[in-house]
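Q: Letter by letter, the chains look like this.
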Amino acid sequence: MLSIKNLKVRVDGKDILNGLDLEVAAGEVHAIMGPNGSGKSTLAHVLAGRPGYEVIGGSATYQGKDLLDMAPEERAREGVFLAFQYPVEIPGVNNVYFLKAAVNAVRRHRGEPELDAMDFLTLAKDRMKSVELDESLLSRSINEGFSGGEKKRNEIFQMAVLEPTLAILDETDSGLDIDALRVVAGGINALRNPERAMVLVTHYQRLLDYVKPDFVHVLSAGRIIKSGPAELAKELEARGYDWVVKPA
Amino acid sequence: MNALADLLPRPGDEAFKYTSFQTVARREYADPAPTAVDTAALPAPYGPRLLFVDGQLAGDGSGIVGAAPLRREAPHTAPAQANALRRMNAALASECITIDVPADTDAGTLELLFVASQHPDRIAAYPQVAVRLGANARATVIERHVALGDADDFLNLAIEVDLERGAQLTHLAVQRAAIRATVASGVYATVAQDASFMSHAVHLGGSLARADIDVVLAGRGAHCGLYGLHLAGLRQHIDTHTRIEHAVADTTSDEHYRAVVDRGGRSVFNGKVRINEGADRSDARQYNANLLLSEQAEADTKPELEIYADDVKASHGATVGKLDESALFYLRTRGIGEDEARRVLVWAFADTVLARVPQANVRAEVEAAVLARMPDAAKIEAFR
Amino acid sequence: MSTRNQDVEKLVGREYAAGFSTDIESDTVPPGLSEDVIRVISAKKNEPAWLLDWRLGAYRHWLTMREPKWAHVSFTPIDYQSISYYSAPKSKKDAPKSLDEVDPKLLETYAKLGIPLREQEMLAGVAVDAVFDSVSVATTFKAKLKEAGVIFCPFSDAVRDYPDIVRQYLGSVVPTGDNFYAALNSAVFTDGSFVFVPKGVRCPMELSTYFRINAMNTGQFERTLIIAEEGATVSYLEGCTAPMRDENQLHAAVVELVALDDAYIKYSTVQNWYPGDENGVGGIYNFVTKRGECRGKRSRISWTQVETGSAITWKYPSCILTGDHSVGEFYSVALTNNCQQADTGTKMVHIGKDTKSSIVSKGISAGRGQNAYRGLVKVLPSATGARNFTQCDSLLIGKRCGAHTFPYIEVKTPDAIVEHEASTSKISDDQLFYCRQRGISEEDAVNMIVNGFCKDVFRELPMEFAVEAQKLLGVSLEGAVG
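Chains as they are written, first to last, in the working numbering: chain A, 1 to 248; chain B, 1 to 384; chain C, 1 to 482.
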């Protein structure tokens with residue numbers, strides 16, 4: 001589904017990704033781990049098409065199409081979803097209105113009929129339950145005045161509504177207490193299915209206690225330097241990153 | 001009308017919308033005569049002192065020593081866009097006292113003491129001072145106004161400040177002019193890259209006091225912080241006008257002025273922040289709070305933003321009101337009498353600004369002076 | 001003068017008295033302003049002597065005045081002697097015969113706003129019988145209003161039919177010599193609206209311009225007077241969301257509102273006059289004086305405006321809070337794109353005890369637009385217990401626009417609380433990216449964010465107006481981003 005080859009990315013004149021390779025097939029969950037500054041979030045953002053991330057080499061192919069050539073909204077409509085590490089606040093723009101616009105942009109793109117307000121609300125309310133998000137948040141402005149945990153749950157809720165094909169979750173576990181983490185993980189697990197791939201970007205292993213990945217990759221200095229099964233994450237937790245980054 | 005009328009701000013001048021100098025235009029003034037003052041009657045200096053008696057530099061000005069040499073220059077001209085008071089100062093000043101702090105030097109604390117002597121005639125004077133700090137130089141300049149008599153003089157002071165790259169100047173103004181005096185003081189600063197200009201002003205005296213602080217943030221990383229307090233009592237009109245121009249990108253400014261106005265007093269604040277085209281990532285904050293203690297007290301405030309760049313943070317807030325009734329109630333439920341509770345809250349309001357004065361001995365002076373204006377000061381002391 | 005034109009006049013119920021306009025062939029007075037021109041205007045309208053005197057007084061005062069220079073706008077001087085001060089109704093000779101003759105750009109905008117074809121014709125000033133449609137509608141409305149006792153008619157009809165009321169209130173809120181443009185308007189106004197809601201009456205419907213659409217073209221010097229007697233309530237909607245075809249460069253209208261005890265007047269405006277082209281050529285100078293007086297106890301006046309049109313906007317809908325416990329409100333969205341300039345805001349003058357005012361101003365600058373909020377909050381010594389809260393936000397889109405805030409706060413009583421807050425922001429790259437990552441196009445994202453920014457004002461607008469205003473912002477912002 002996603003094939004990244006020798007990807008090189010520069011941000012603000014600094015080379016962050018230096019030849020990254022990654023293959024993700026439908027139904028798989030990949031965890032990208034690595035120390036701070038290794039390029040994890042850059043990978044997430046460049047796949048979503050954040051402006052200012054300069055691709056200086058390599059390729060990323062998504063469902064046979066050149067992902068890097070698409071505008072951010074095109075990628076989203078093609079089914080690429082990024083759960084942000086720091087979801088932005090947009091004052092005055094109502095959550096429901098926003099999400100309905102997003103859902104219908106995707107549906108239009110797929111040639112499906114748009115949802116009306118009633119259908120959308122039914123869908124939204126159903127999905128809210130999966131992340132135990134309070135319904136009153138629906139009528140508030142996007143992320144405005146949300147607690148850290150609410151913002152993260154809101155991201156997973158949006159994912160549940162938008163039903164992406166490829167979900168990239170950037171440090172979704174950061175800043176969550178244990179209960180919130182369990183809820184978020186539950187939301188993610190509920191969305192796992194054979195057609196959907198997920199890339200979990202995380203610094204710590206604790207999310208992976210709840211969401212068991214098929215593969216774990218260690219990112220260092222902009223390259224994947226080690227890949228392995230879920231157990232690799234445990235080893236990283238126990239031994240830190242140094243033993244992989246700087247082998248004795 | 002006297003000869004000054006043409007030079008004074010005219011009615012209709014927006015920069016003087018709430019402050020009229022027409023009383024000055026109606027009075028006759030003499031030029032200052034050389035006067036000796038009893039130095040024992042003067043407050044202890046905060047540092048090397050430059051003494052101005054009735055607006056005239058006393059002696060040869062050798063008071064400033066060491067790191068900051070002094071020059072007497074021909075008066076500087078005012079730039080075309082200068083306000084009427086600065087133009088007036090430039091037109092009538094007889095000389096400019098220039099203090100040069102060489103690069104990479106810490107000149108410490110310098111004091112400019114303006115003393116109004118006891119004299120029979122009403123005097124008008126136009127002192128002009130220029131302070132220049134070379135690259136990475138540092139200094140604190142204290143502008144201090146005291147009165148030995150109660151003359152209704154007119155002082156129009158202009159201080160030009162030029163800060164080169166990385167220089168840091170702190171300006172502390174302690175204005176305790178005679179209660180009948182008219183005091184206009186303007187500070188006009190240009191701040192180069194990574195330099196910073198900080199100003200803390202406390203205005204207690206004068207029947208008409210006008211302070212202008214005009215700062216151009218001319219280089220990247222330049223910063224200014226302007227803070228001040230007005231205490232306006234009976235027949236006092238105190239006006240501060242600030243203008244901050246963010247001329248280039250990555251400049252920051254912070255402003256916080258407060259006024260406590262009692263019966264028969266009036267406070268005026270006008271703060272303009274201008275962010276020029278291209279001055280991206282400018283960050284400008286401004287706040288002005290006014291406390292009216294009594295009837296026949298008035299506050300006029302005009303916080304202005306003029307913004308020509310989009311990638312900026314700029315905000316201002318202004319409030320005018322009386323003491324917070326709920327705070328008052330809270331104190332009373334804790335057993336504090338109403339009068340005392342009021343005084344404590346007034347003090348707390350004022351001290352928000354005073355507490356920021358960086359030099360402890362100056363802060364002690366202004367705090368004591370503010371306290372002295374409140375009845376039953378001793379009790380408030382206990383809350384400090 | 002076409003017969004059709006006269007037909008239209010009859011249909012819209014302007015029955016001018018006999019003796020009208022026999023001496024002058026054309027219905028347009030030659031350009032220029034003098035006492036004679038004013039006498040002609042007054043005679044044409046068959047006005048009573050007191051009104052002519054009132055006009056002449058205003059004119060004489062105007063001669064002594066100068067154009068205000070303090071606004072943060074710049075423009076080439078207006079030649080007041082080149083304007084024709086009487087042209088009612090406007091000649092249809094030069095009007096387009098059908099929509100085919102109308103600027104396609106204008107039509108494109110109408111289409112985007114979803115304006116029905118018939119309405120498009122009216123807005124574009126097409127000289128067809130579009131007006132006939134709404135006459136019947138108007139008649140139905142009129143009957144309903146009459147039943148309730150509400151008077152809603154062209155200003156000149158009011159002068160004829162209700163001279164005592166007009167004489168009592170005209171100029172009582174905006175005196176003839178109030179400012180340069182108000183004085184000019186007082187001297188030469190040709191028509192406008194008159195609303196009178198008697199004691200205890202809740203006006204049964206929104207009085208909208210749509211209803212008044214055929215009485216439009218009242219020229220550039222419109223005069224509106226709205227009076228709500230004790231306990232009366234009325235909501236008046238002015239303007240329309242589609243750009244108006246108009247040849248007049250200068251608009252100097254005056255609106256006066258009077259609210260007596262417990263009365264409530266809500267006045268909503270959506271102004272979308274021609275803003276000029278991308279290079280700032282052409283466009284309307286909208287120099288308007290709007291003021292309401294809360295004369296009665298517990299009365300309330302609420303101004304809501306969405307200003308997206310005009311090359312220059314200079315207007316400060318204000319409230320004089322004379323009555324104890326009265327309330328003044330001002331909600332504004334002003335958008336300037338391309339070379340538009342706006343200097344707009346409000347004045348809240350607190351005179352009565354326990355008076356309250358709130359101001360919410362949202363300025364959006366794009367292109368090379370210059371947008372200034374200018375407001376005065378004045379609390380007089382008598383206004384004990386007065387409260388004001390002002391929120392003044394600017395949104396900048398692009399590197400070459402300007403956003404300015406000039407609030408004046410004058411407080412003369414200790415027993416008042418006045419609070420002012422202002423902020424400036426831009427649409428952040430993070431916000432845009434977030435929306436785009438969810439599949440929303442950049443243009444839609446901008447619209448969404450701008451509408452979110454304006455939400456506090458839009459919710460004050462009547463429902464259908466709010467929807468149109470949202471669409472309008474989108475259209476007005478086209479090309480501002482990217």
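These are calculated hints, taken from the structure and not from any lab test.
Some hints here could point you the wrong way.
Derived lysine-lysine pairs resembling PhoX-like cross-links, with alpha carbons at most 20 Å apart [claimed, not checked]: (1) A:Lys234 <-> A:Lys246; (2) C:Lys455 <-> B:Lys17; (3) C:Lys69 <-> C:Lys44; (4) A:Lys212 <-> A:Lys5; (5) B:Lys313 <-> C:Lys426; (6) C:Lys199 <-> B:Lys322; (7) B:Lys322 <-> C:Lys69; (8) A:Lys212 <-> A:Lys226; (9) B:Lys17 <-> C:Lys69; (10) C:Lys399 <-> C:Lys356; (11) C:Lys455 <-> C:Lys426; (12) C:Lys399 <-> B:Lys313; (13) C:Lys69 <-> C:Lys146.
Q: Now look at each hint and say whether the structure bears it out.
A: To see whether the hints hold, each was checked on the structure:
| no. | hint | verdict |
| --- | --- | --- |
| 1 | A:Lys234 <-> A:Lys246 | holds, 18 Å |
| 2 | C:Lys455 <-> B:Lys17 | violated, 35 Å |
| 3 | C:Lys69 <-> C:Lys44 | violated, 34 Å |
| 4 | A:Lys212 <-> A:Lys5 | violated, 25 Å |
| 5 | B:Lys313 <-> C:Lys426 | holds, 9 Å |
| 6 | C:Lys199 <-> B:Lys322 | violated, 38 Å |
| 7 | B:Lys322 <-> C:Lys69 | violated, 35 Å |
| 8 | A:Lys212 <-> A:Lys226 | holds, 18 Å |
| 9 | B:Lys17 <-> C:Lys69 | holds, 15 Å |
| 10 | C:Lys399 <-> C:Lys356 | violated, 38 Å |
| 11 | C:Lys455 <-> C:Lys426 | holds, 16 Å |
| 12 | C:Lys399 <-> B:Lys313 | holds, 14 Å |
| 13 | C:Lys69 <-> C:Lys146 | violated, 45 Å |
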